[in-house]
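A.B. asks: Both chains are given apart, each in its own frame, so use the hints to dock them into the complex.
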Amino acid sequence: MKAKVYVTLKPSVLDPQGKAIHHSIELLGFEQIKDIRQGKYFEVALDASLSETEAQETAEKIAKNVLANPVIEDYRVEIVD
Amino acid sequence: MKFGVLVFPGSNCDHDAYHVVSKHVGQPVDFVWHKQTDLSQYDALIVPGGFSYGDYLRAGALAKFSPVMNAVKDFAAQGKYVFGICNGFQILCEAGLLPGALIRNKNLHFVCKHINVKVENKNTPYTSELGAGDVLSIPIAHAEGNYVCDDETLQQLEENNQIVFRYCDENGETSDQSNPNGSRSNIAGICNLDRNVIGMMPHPERACEELLGSNDGRDIFRSLTKAIAAKN
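Order-wise, the sequence lines are chains V and U. Whatever position you read off the first sequence (first residue = 1), add 791 for this note's numbering. Whatever position you read off the second sequence (first residue = 1), add 2 for this note's numbering.
Same shape as in the complex, but just chain U (with noise of 0.2 Å):
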């Protein structure tokens, strides 16, 4: 089993997602340069969070022409793991390979706080090691996260049940108050049909270690990983 971390000019995760991925997940990973077009050795790629070509035009809209990208939807086509953080939500999106897009936070701030989300969806290789209606503590850091679709588009969401996370309070009721950012029915994060992408503005690489105010996030990765060996 081995891991890849994309790399874009502007990523500033890529080195927790790979901290997480060989100390948490023991596994192998590289980084993956966003010029390398050979994707064949990996079982799952991270599509890290930062400010690839530094948000310019829109946040993940100029990365989507990366060399890396067309091999990142061919392995996706495959049915292999591709999972975006943050901005890594928002080049999938702007990719075509998730549905909807992420626009400026409501409130117009940089939002940078732990936030809960809610496992909306454990059916998924994501979440398949969490429960359904568990609550995660899990910071959030963007400006641009307000996940925003047309009508048709959340409704295929809801009945395909491919909205994974949805922001919520500690008790898990989903309302405006515990919505950090205006996204559209509370939504976090959300999966393609075949659920094996997945975009979240949620950073759960970050939410490790107990050391870091939560360790919610490990069982998003212990999940992906236990897909990953089923399949292998």
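One chain only, chain V, in its complex shape (with noise of 0.2 Å):
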């Protein structure tokens, strides 16, 4: 079992390596992309005898108090067999 997370800045906060991702695309012409933000993305390997709903509070503990600052990020988490 897998727990895919994903780490975004919120809304409010200023990104900017997206913003210099952005000029750098639009610098190659892609001048219909409007903006870009950077975030992360983690796979967490489970045990296979966790149930779903273990796994998603699981990785939602992990998200919420290692991979995530819940000050300045967002997380949702996703978990695939």
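Keeping only pairs whose Cα atoms sit at most 25 Å apart, straight-line, the calculated SDA-like set for lysine to any residue is:
{"hint": "1", "chain 1": "V", "residue 1": "K801", "chain 2": "U", "residue 2": "A145"}
{"hint": "2", "chain 1": "U", "residue 1": "K75", "chain 2": "V", "residue 2": "V857"}
{"hint": "3", "chain 1": "V", "residue 1": "K810", "chain 2": "U", "residue 2": "V113"}
{"hint": "4", "chain 1": "V", "residue 1": "K801", "chain 2": "U", "residue 2": "R186"}
{"hint": "5", "chain 1": "V", "residue 1": "K810", "chain 2": "U", "residue 2": "Y58"}
{"hint": "6", "chain 1": "V", "residue 1": "K831", "chain 2": "U", "residue 2": "N109"}
{"hint": "7", "chain 1": "U", "residue 1": "K108", "chain 2": "U", "residue 2": "L156"}
{"hint": "8", "chain 1": "U", "residue 1": "K75", "chain 2": "U", "residue 2": "M3"}
{"hint": "9", "chain 1": "U", "residue 1": "K108", "chain 2": "V", "residue 2": "L805"}
{"hint": "10", "chain 1": "U", "residue 1": "K108", "chain 2": "V", "residue 2": "E864"}
{"hint": "11", "chain 1": "U", "residue 1": "K108", "chain 2": "V", "residue 2": "Q829"}
{"hint": "12", "chain 1": "U", "residue 1": "K108", "chain 2": "V", "residue 2": "H814"}
{"hint": "13", "chain 1": "U", "residue 1": "K75", "chain 2": "V", "residue 2": "N856"}
{"hint": "14", "chain 1": "V", "residue 1": "K855", "chain 2": "U", "residue 2": "D57"}
{"hint": "15", "chain 1": "V", "residue 1": "K855", "chain 2": "U", "residue 2": "E154"}
{"hint": "16", "chain 1": "V", "residue 1": "K855", "chain 2": "U", "residue 2": "N72"}
{"hint": "17", "chain 1": "V", "residue 1": "K852", "chain 2": "U", "residue 2": "L64"}
{"hint": "18", "chain 1": "V", "residue 1": "K855", "chain 2": "U", "residue 2": "F53"}
Bear in mind the hints are in silico, worked out from the structure with no lab data behind them.
C.D. replies: Below, the structure is given as structure tokens:
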């Protein structure tokens, strides 16, 4: 069982790296790109004995306490087999 | 009176802090390895700059799980002094000892230069020997020094006079031009409500000798020493 954890900056937090990436992409000629926000993606391998609910709870705890800083970031957890 | 300088894997300003305390403050000081959990012999702890745990995940994010950090929280709760500098400030924010967070500099650069900060609050144990509005020349050296917090937190910081230093020009004017990293409201250093925990991005320990270009950092350490002496 695997948890996919997506960590993104809160919409109110400036993302200077995303802005720089956006700028480079514009230079390539992709003028129709409106904005780019950079985030982090984690794959957390979980013990197969966990139920989906337990896996979700475990991954949420890890995301909240370690992978994301809730002051500046949001997170989203997806459990996959 | 005894100082401790925390050492995490990747700390690299620990020796500078140790040097300043032993040489300029003239007080006993120990390095405190991050696995230590007994801090009872110390009056003040310096959380030094560097790249604890290689800045993996987020600057300061992994250091907060070091064994010493639970002891640091108890230490701070007892009203003892915790002084975070640069990576130390990032660690204290990650650990929840100070509000807000430090993200990538607005211009994306690692900025390493002398900047000016204005003393916004002289009524703290770290600034009592300074004058309100004094402008200090202190170096910064960071890529993640952009202080962010939500509106409510900023309002609380303002109302409770927790903003200790702001980036400014040589005349003490705060503006976007004098803000080296995009920090909200030009914030360079803040303290907690009880004033015993402080964090700042500039490095006062690198500004204690004329040979290094400035000794404006000395009064911060002198203030702290005076506060400890008054308490003991």
